[in-house]
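Chemist: In order, the protein sequence lines correspond to chains U and W.
Residue numbers are given in full-length UniProt numbering: position 80 of the first sequence equals residue 80, and the series is strictly consecutive.
Residue numbers are given in full-length UniProt numbering: position 219 of the second sequence equals residue 219, and the series is strictly consecutive.
Each hint should be verified, as a subset may be incorrect.
Stated by the list, open to error - Pairs of lysine-lysine residues, derived as PhoX-like cross-links and limited to a Cα-Cα distance of at most 25 Å, are as follows:
1) Lys139/W / Lys273/W
2) Lys365/W / Lys170/U
3) Lys80/U / Lys514/W
4) Lys25/W / Lys87/W
5) Lys365/W / Lys315/W
6) Lys178/W / Lys249/W
7) Lys82/U / Lys514/W
8) Lys178/W / Lys39/U
9) Lys365/W / Lys59/U
10) Lys249/W / Lys274/W
11) Lys219/U / Lys117/U
12) Lys59/U / Lys514/W
No lab work stands behind these hints, which were simulated from the structure alone.
None of these values were measured; they are calculated from a predicted model.
Now for the letters of each chain:
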Amino acid sequence: MNTIDIKINERSLKVLPGITILQACRDNGIDILTMCHLKGLSDVGACRLCLVEIEGINKLLSACTTRVASNMVIRTDTEKIKRYQRITTELFFAERNHVCSVCVANGNCELQELGYKVGMDHIRYPFLFPECKVDTSHQYFVMDHNRCIMCTRCVRACSEVEGAFNWDVKNRGFQVRVISDFDTPWGESITCTSCGKCLQACPTGALWSKDVVQGQLEKHPEMITELVEKRKLLLT
Amino acid sequence: MNRQEFKDLVIAETEKTKNSTCKHKICICCGAGCISSGSEAVMKKLQEEIIERGLQSEVEIIPTGCMGPCNQGPLMKYLPENSIYQKVDCSNISQIVQSQVIEKKPIEHLLLFADSRERPFSNADEDPFFSKQLKIVLKNCGQLNPERIEDYLVHEGYRALDKALFEMSPEDVIAEIKQSRMRGRGGAGYPTGLKWETVYKYVNDQKYVICNGDEGDPGAFMDRSVLEGNPHRVLEGMAIGGYAVGASKGYAYIRGEYPLAIKRFEAAIKQAKKMGLLGPNILGSNFSFDVEVRIGAGAFVCGEETALIASIEGKRGTPRPRPPFPAESGLWGKPTLINNVETFAGIAPIINNGGEWYSEIGTPKSAGTKVFALAGKINYSGLIEVPMGTSLREIVFDIGGGIQGGGEFKAAQTGGPSGGCIPAEHLDVKMDYEALVNLGSIMGSGGLIVMDQSSDMVDVARFFMEFCMDESCGKCVPCRVGTKMMHDLLQKICDNNASRIDLERLEELAVYVKEASLCGLGGSAPNPLLSTLRHFRNEYETRIGKYEEKHIEVPQTSEV
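Could you build all of it, start to finish, from the sequences and the hints given here?
Modeler: See the structure below:
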């Protein structure tokens, strides 16, 4: 198969043309942080954790949305990138209520893991703690907006994999919220199929099932990936 | 209508104008600015007056687009003498008609700038406000009735489209635009010819042209005035763009806050279609081009090209990362040419007069003219067009007539919430893309807000940050949370409640948001902050000093 040469962090690699930089990193065991990317869903480049430096381009580009090109020289580990990852993480934690000790996802949370990975020992920004609702109207599931980081993985899983289009986003700026249908209680949704894919896609304790208690939530986002891959096989 | 019929029509219309019995023409500014100060009532009164005096066959009344000195409205221009009357009131009409039309004597104390100049000019073109300007984009604004295509035809209208379609290949058109060295007037200044060529090179059976009229900077009204004053010029530019890149469909995205611009632009499309200047086989050629208006729903971020495209597609107006650029994958994934209103309005003169002519105007790196919307603490605010490289001093003092109330110039803010402030020591800067970037500001789309000593620069930075915070789409973290954090820190500084650590944090965040954000909104949101920090750091320091005075105890030297 045709491959192209690229360089990531001084390592010369042969990769398939047309894949994203993020894919190239993952295929070659190079760690790259991300919150909004979930393999199988479309990429939006929203969390800005996967920013990389590319030689000859004076902007930082998101690895999940940028495709490799021949002889691309990429760096994922510069001081600047690490510093920015740390700031992004702190901003995530400062934006809404992310008190791990009382969260269902404690110990099973991608955001918590991110905090450990970037070595966040304290947060330099004031906690904004906006007023957020907890929607418990659904028969089986809960949406806790306090834990939501607006990665929109649930929105994409619902529309792209389940095809239900229950989730969407309202408002703008730091007032953005994920909404069910036209901003009605989730339990009243006429589109939700109660499939639970959004729960699996969610990286934090924002979406969870009513049968778990604090610290007990297990998530399997890879389920979404597997489902998409298997469907692709069926189609070919 | 085929080409010959078009030519005949132009000749007929021109003859009609020449042979008109009307020796006097009175233009009344019907731009949104003058309408809001009552120009429609003035026009009605004038019409009644003319009928009363039985002068219908001698005097033609033309409702026009913006004439320029907006804060002196309602404006009324008398041709051929070119005398402009300011702040015209229904009670003045009879006097003006009597004196100017019948006795041929201008009324000095009602002329433009009569209240501030020692002697007003009876020919407005001699006034420094106009004599320092060079109008290319705005040439016919304030001269013709924007709601009549025939008026535009008499003023060289659609001549460039005709020339492009029948005398030039798409490659020739692109070469001409490249030679003109024109740069995109939306703010970033990307070479227009290069953009056109890129779209042209992508092979696809469907391409699109988009005109970005989602002007949202506070204090900016260039695009609105062009769309209101000469919508056909924009339409012609779009059609030429479509021909050059191989697109058959265009969209004009105009913000919903501009109802008059939308109305006039839609009327222009209808008229052009009726004459065969838009639609299938334009003027009998093989080229077909259709334009539709899309109305923006009030999000500033929809001025960002990828968000604008999402909005046209009917999606939530949020940007997406580039690459791929719209030239490769734009509207519905097709190659798309997207330019600003002012860019399209500048195309026809380039095709008519040649790229070389245009490239000789302005500075070596920024050719042509730029429309600015002068606002703030300036005597004559309004819409102006000057060659690139005109100094800020000339714009503020010669054209704008200096600072209101004889105050002292403190700074000029360019580029709106994405730009920065230029302090008094740089008044002699030659305004072009590079010079402004070097000063930590940007050209932007042309908003120019003048500030005097009463402006508090920290508060200015806070204001623009608040704007960006409210207008952030909320998609990416740096912009969504970063602008909120920066705003809160700026508010803290304004309240004399911030320490040195807060300032350090603010500076770090500013650079982070600038570099890490997904789109241009976040990428430029820290600019007003960074530029005021650069030029007016002392104002920040003073406020932090006030905090330290209150909260940090300085140890007293004590006897040992």
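Chemist: A separate judgement is required for each hint: does it hold in the structure or not?
Modeler: Each hint, compared with the structure:
no., hint, verdict
1, Lys139/W / Lys273/W, "holds, 24 Å"
2, Lys365/W / Lys170/U, "violated, 43 Å"
3, Lys80/U / Lys514/W, "holds, 13 Å"
4, Lys25/W / Lys87/W, "holds, 19 Å"
5, Lys365/W / Lys315/W, "violated, 38 Å"
6, Lys178/W / Lys249/W, "holds, 23 Å"
7, Lys82/U / Lys514/W, "holds, 16 Å"
8, Lys178/W / Lys39/U, "violated, 43 Å"
9, Lys365/W / Lys59/U, "holds, 23 Å"
10, Lys249/W / Lys274/W, "holds, 17 Å"
11, Lys219/U / Lys117/U, "holds, 19 Å"
12, Lys59/U / Lys514/W, "holds, 10 Å"
In terms of the numbered hints stated before, the structure departs from hints 2, 5, 8, listed from lowest to highest.
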